[in-house]
Amino acid sequence: MNILCVAGSRGERARLSPVIAHLQGDHDVVSAFISRAGEVPTWDAGAPPPAPLALEMSDAAPAARVGAALRWIEPLLEERRPALLLTCGDSDAAVGAALAASFAGVAIAHLDAGVVVDPANPNGRLLDQAATFLLAPHLAAVERLAALGMEDSALQCGDVLADAAEMAQGLSPNGDCPLPGGYSPRRDSPRPAETYCLCYLGGGALASPALPSLFPALARIGLPVLMPAAARARARLEAAAPGVKIVEPLDHGAMQQAIARAAFVITDSPTLQREAYFRGTVALGLAPADFPDGERSGWVRRVDLDAQSVIAAAQAPPPENAPQAEAHHGASLRAAQFVTGL
Amino acid sequence: MSTLNIAVVAAERGGFVRAAPLLAELQARAECRPQFVFAGPDYVPYAASELFRDLRLPYADAVIGASEGTPAERIARTMAVCERLASGTDADAIVLVGRSPTILGCAIACARSPLPVAHADAGLRLPGIAGRTSIAAQIDRAANLLPAASEQAHDRLLDEGRGEDTVVLAGPLVGDAIAACLEPARANGAAERAGLEPKGFALAVVESPAIIEHAAHLRKLVDLLARVQEELPVAVVVHRRLAQRLEEWELAQIAGELPRLSNVEPRGYVEFLSLLDAARLVLTDVGGVQDEATFLGVPVLTLAEATDRAATVDCGNNTLVGLDAFAAMQAVVAAVTNEYPRAARPAWWDGAAGGRVVDALLQRAGKRS
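Residue numbers (this note's numbering), protein chains in the order written: chain W, 342 to 683; chain S, 229 to 597.
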C-alpha cells in the first residue's frame, strides 16, 4: 500500500514515528513534515524517514496555514497517488492535508482520534469527520467518537507515545546522548534526587500575561530550569526568566533524554505531559492533556500559572505506583494493522 | 432592532439555486441586510448567465473566489478571504450553501468564527462510511447552525451528536427555488420546442464521475437508456464532460443511432424545470434533481445503489435502480402504465424553507447579541 504520512508539529511527528516504523517493512511510506518556523524538522524516534519533505510554515492565521498545507499537499497527492493519508493530532497542517485528501478521494486515517485537548480548536473534530480510520488512544476518546455516530470506524489502539518513548530509549542505549545546557545525563537507578526542571511552553502559555509569575515560583523550588525555546520566543523569555537556562529546540531523541532526566517537567504541551508519563517523570500540566491514565495516577498534575499551584504540585512526592505503560505498548502495531486492513 | 448583515456564500450551480430563495427571503425582512458572496471561479460568465437571471440572483456583494491556479490554490486563497469575513467585522452571520470543495474550505475558514455559521440543507448523507466522511458531512461538522433539509437529515444530525440547539428542521431550499420559478417554467414550453410530448418522455440527467468517468459504467448507462427508449422516448441532458466521454469511448455513435433518444441542452433554470416538469419520469444520479423531481411529483429512478436524498425514497417517489436495466424497466413500465406509486411530498417540503432558515439565523444572532 502506498501511504503518505503528514505531521504538523513535534508531537505529531513523535506519535506517527512508531506507526511508520511498523508500516515501512511492507508498504511504500512517504512522510512529510509541515513545520512552523523555529521547529526542529527531524523525525528521529527510531523510524528513519524514507523520503522526508518539509515545508516551513510562517505564523499566519489558521485558515492561511490550512490553505498553505492544502496547496503543498495537492501536487504531492497527484504525484504519489497514495491509497491512504495518515495524519495525527489537531494541527492546521493536518487539516490542510486531510482537505486535500478529501478532494482527491484518498482515504484518511486519524491518529489520536476522539482526543479533545482544547474545545475551542475545531481541528480534531474536523479530522475525525473526514477520516475513515479513527485511531483512539483511550476509552474516553472512543466514547466521544461513539457519541458522534463514528463507533464503526474507531479502534481503541492505545497511546502510541508509549511505543515512541520505548523507541527513543533505544536511540541511545548507553546513555551517551549529551543534553544541552551543560547538564550531564545520569543513568543511575533510582533516578537522581535532584537534577533539573524541564520547562517547555507553547504559544498559549508564552502569550499569557501570567507568564512572568511562573519563573519566580520555579526559582523557589530550588532546581535549575532547562527550557528549550525557538528563537522567536527566546528574547521574551530571557527578559522574563533571568535564571532559566534557555537552549535551542531539541530533536525528539534529546527531548526524550531531557524528560527522562528531569525531576519534573512543566509544560502546556499535551504531548509532553504524555511523554513524561511514559518516561516515569512527573508532569505539571499548564493546559489539559486529555490523558486519563496520567491524570488518574497522579503523574500528570494540572496546574495554573500561579506560584502556589506550581510549587505545591512540584513538591508533592511522585505517586507510589509506577506508570502503567504496558497497557499501551503495541499501540503503534495495532494502529498499523487497522489502517492496512490486517 | 439593528440590521443584521447576513452573508450567503455559494460557489457552484447547486449552491446558487439554493442561495437565491434565501437571499430573497433575507431581502424581504426589514431587520436583515443580505450579502451575496460569490466563492466560485469565473464570476462574470455566471453573472451574465440565464441561470442567474432565472433565479433573480442579485449582483454579488463580494467575489471571494479565485479563478486562477490549481483547485487547491484557488480554494486556499478563497479560505483566506473567507476567514476575514468570518472574523465578524463585515457580517453578523454566515450561511454556507452547497457542498463543493470550495464551500468546505470556507467552512473550515469559518470554524473558529464567533458568528452563527449555518450550512443550508444540512444532514444529507449517503449511508455508511462514504456519507460520514463526505464533504457535506465535513461542512456540517464545521458549522454551528444546521437547517436540515428533511426529517431524515434532521434525525441523522442528532444521531451524529449535534444538539437540538444546533439542528433546525427547515426543509429543502430547492423547493423554494422551484416555487419561485414554476410559473415561468410551465409557460416555457421547453419540451414542445424540443419535439417532446409533455408527459410522454423520460428525462435523463447524469453527472456523477462514478458513471461518466468509467467506460464500463457509461456503456451500461447507454445500454440502459437503449432499453428505456424502446418503451418511452428519452431526452438526455448533455453537458460537455458527458459528450467528451461518449466520444472518447466510442459510445456517441451508438447513442446517436437510437431512434427515440435525443439530446437536450436546457439553458438556465426555468428551461430545465420546464423539461423536468413535463417529463413522465426522470433517470438521474444527481441528488438535487431527485429533490426537484420529487417536489414536482415526477417519479425518479436513481442510477445509483444509494442516495443521500433519503426523503425522496421514503416518500415513495424515488426508486434506486443503479445501472440495472431490468430494475429500471420495471419502474419505467410502471410509470408508463400509471402504476408507479403516487407519492405525497415529504413533510416540510412546502417551498417555505428559506423563511425557517432565516428565523433560525435571527434567533441565533439575537441570542448572541
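No lab work stands behind these hints: they were computed from the structure.
Being a predicted model, the structure only gives us computed values, none of them experimental.
Treat the hints with care, as some may be off.
As the list claims (entries may be wrong) - Okay, the calculated bits of chain S under chain W, using three or more residues with CB under 8 angstroms as the criterion:
# : region
1 : 269-279
2 : 337-344
3 : 356-364
4 : 383-396
5 : 551-558
Backbone N, C-alpha and C define an ideal beta-carbon position, used for all residues, glycine too.
Practice item. Quick one: which hint numbers does this structure break? Sort them smallest to largest. Key: 1 and 5
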